[in-house]
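Can you build the whole structure from these sequences, using the hints too?
Letter by letter, the chains look like this.
Number of protein chains: 2
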Amino acid sequence: MGSRENGGPIIALSGGVGGAKLAVGLSRLDLGERLLVVANVGDDFEHLGLTICPDLDSNTYALAGLNDEEKGWGRADEGWRFMDAVGEMGGENWFNLGDRDLALHVLRTQALAAGGSLSNVTATITKQLGIKAKLVPMTDDPVRTMVQTADGALAFQHYFVRDRCEPVVTGFEFKGIATAMPQADFMATLADPHLQAIIVTPSNPFVSIDPILSLTGMREAIAAAKAPVIAVSPIVAGLAIKGPAAKMMAELGMPSTALAVAEYYGGLLDGFVLDHGDQDQADAVASLGIEPLVTKTVMQSLDDRANLARDILAFAESCRG
Amino acid sequence: MGSRENGGPIIALSGGVGGAKLAVGLSRLDLGERLLVVANVGDDFEHLGLTICPDLDSNTYALAGLNDEEKGWGRADEGWRFMDAVGEMGGENWFNLGDRDLALHVLRTQALAAGGSLSNVTATITKQLGIKAKLVPMTDDPVRTMVQTADGALAFQHYFVRDRCEPVVTGFEFKGIATAMPQADFMATLADPHLQAIIVTPSNPFVSIDPILSLTGMREAIAAAKAPVIAVSPIVAGLAIKGPAAKMMAELGMPSTALAVAEYYGGLLDGFVLDHGDQDQADAVASLGIEPLVTKTVMQSLDDRANLARDILAFAESCRG
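Here the protein sequences line up with chains A and B, keeping their order.
Just remember that this note's numbering sits 384 ahead of the position in the first sequence, which is counted from 1.
Just remember that this note's numbering sits 384 ahead of the position in the second sequence, which is counted from 1.
Hints were generated in silico from the structure; no laboratory data involved.
Even glycine gets a Cβ: it sits at the ideal position worked out from N, Cα and C.
A portion of the hints provided could be inaccurate.
Unchecked claim - Per the computed footprint, the stretches of chain B lying under chain A, defined by three or more beta-carbons under 8 Å from a beta-carbon of chain A, are:
1) 423 to 436
2) 457 to 465
3) 468 to 478
4) 497 to 511
5) 558 to 564
Said to hold, decoys possible - Some chain A residues well away from chain B (every beta-carbon gap over 10 Å; in silico):
6) P566
7) P577
8) N691
As the list claims (entries may be wrong) - Here's a subset of chain B near chain A, in silico, CB distances under 8 Å, partners left out:
9) D483
10) R484
11) Q494
12) N691
Shown next as structure tokens:
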């Protein structure tokens, strides 16, 4: 590997909290603007007249060090007076919007109403918050995930928050995906001959990563990219670290295993990162033609995040070698 | 006076905090829906993409008992995490929006965007908050007060909050007033033959009351109403109880006195209420053909508010007699 390649950009495809943890790990390796975090927008929704982008926001707060480590989502030192008052006035209060968090939604909604793009408002806010990495939405066009269930289709946040992931999932639809243009910096970076790695973070394959992969031309652009594609398993020892990934896999008739995730991504991947707890699946991953890496993938401390990020970049280098 | 007349409606024309204090006093006289509080909307403005109606909101919070007595504006137990975060993200933060207060602006903006009228959203929220009086905006159409100053025209909140009333005032313009339809319940109540009193609360004559009086046909409708018009002086001993009324009077070349307020309202009034501190001006008020009432107009306690309200209603009765 020449130094030019080592200095090339790194793309991380991310959903919310799980992806943001790895994005933080990568950002701690002093990559600066070389790190491009691409966030899913399928979770985005309009609520109380505001445009809310949970995955962009989880990444923004995590990269700015403003996230709540203890609660695992949202901002630290958050308050709930707004929600109290919304309830008191009879407004919809099934989705928790913290007092601090609200500022991002209000400023974004105002900027979008004034004709700004989601990319521009995200760039303005991340710069203002001192974030060195580039964080972009997968597209500036609205894409909205619908969760198909036995009882009909649900908008993602209705499924995820209001109904607490209880309905049995039968499939997904990404409304707007056919006409959504992949974000410009994302596409340009995929085409960069110095691209060093494309990392699929341990976010939910179905509702965090699939919307990104489903953009028109995206699988082709990733396949054509001059960098290995490395996914980190969101399933460890049969359980999802966070969220409904394992439950969805069971409902979709898949085993809830790291191996099943590797099979699901299939030919997209050059490498797959499993936790020590799943090392017995490494050979089966290799037999899919995907290089396995067994390491510690569960990120508790900030050091865990940086260590996993470092392992992944070294692994990417070896996949290219 | 027959009992029918005693049971008739009472209209209070109100600006923000000062008017809301008297509205609360009136509401404590068990008038129920007989009390119609008409709020100025000239102070309304669009900020951070939200429609903010400070005078409607001051009345809403005061009538619901949610206002901050100590601070003198806004809501009790208010928080400022939203404002902190807005500042941190580089948003406009010259206008303080409390975390609880924000709920009203967000719910209203959402309802207006969905095609609701300001009257409807106000009715929904005041009902939800258990307010028995009727509170309506002077109009459902946008009217925006511009303050003319030596340095040019300023939107009201820029003058009032951002520039802290510092610019020297030369006049006022109520943008949109020519085409604004007076609110329907307001007009119907003015025409009610059982109307008992029209009370001009001790709000700022120029920027709180004048916008209401400047609605097309309003002065004629008030003159034709079957009830005395009673104003309460916002000036006591040459000072405004709150806000820039006295400063504006000086800048407009008027003496800063209760008498000058009575002269300013002139033929509109049947009665004028002065504080004990200004009883030396009562004869001069009478010589204008306006009945004076000297009483305690400074409202500190809740009892002060109810006592003043009771005095005004008795005075109105005597003016009709």
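Hint check results:
1. 423 to 436: Coverage by chain A holds here, the residue count being 3 at a Cβ distance below 8 Å.
2. 457 to 465: holds (count 5)
3. 468 to 478: Three-residue rule met by the region 468 to 478 of chain B, so holds; n is 7.
4. 497 to 511: Coverage by chain A holds for the region 497 to 511 of chain B (3 residues, Cβ < 8 Å).
5. 558 to 564: With 0 residues closer than 8 Å to chain A, the region 558 to 564 of chain B misses the three-residue bar; violated.
6. P566: holds (26 Å)
7. P577: Since the minimum Cβ distance to chain B is about 35 Å, P577(A) lies beyond 10 Å and the statement holds.
8. N691: Given a closest Cβ separation of 30 Å, the condition holds.
9. D483: holds (4 Å)
10. R484: At 4 Å from the nearest chain A Cβ, R484(B) passes the 8 Å test, so the hint holds.
11. Q494: holds (3 Å)
12. N691: Since chain A brings no Cβ nearer than about 30 Å to N691(B), farther than 8 Å, the hint is violated.
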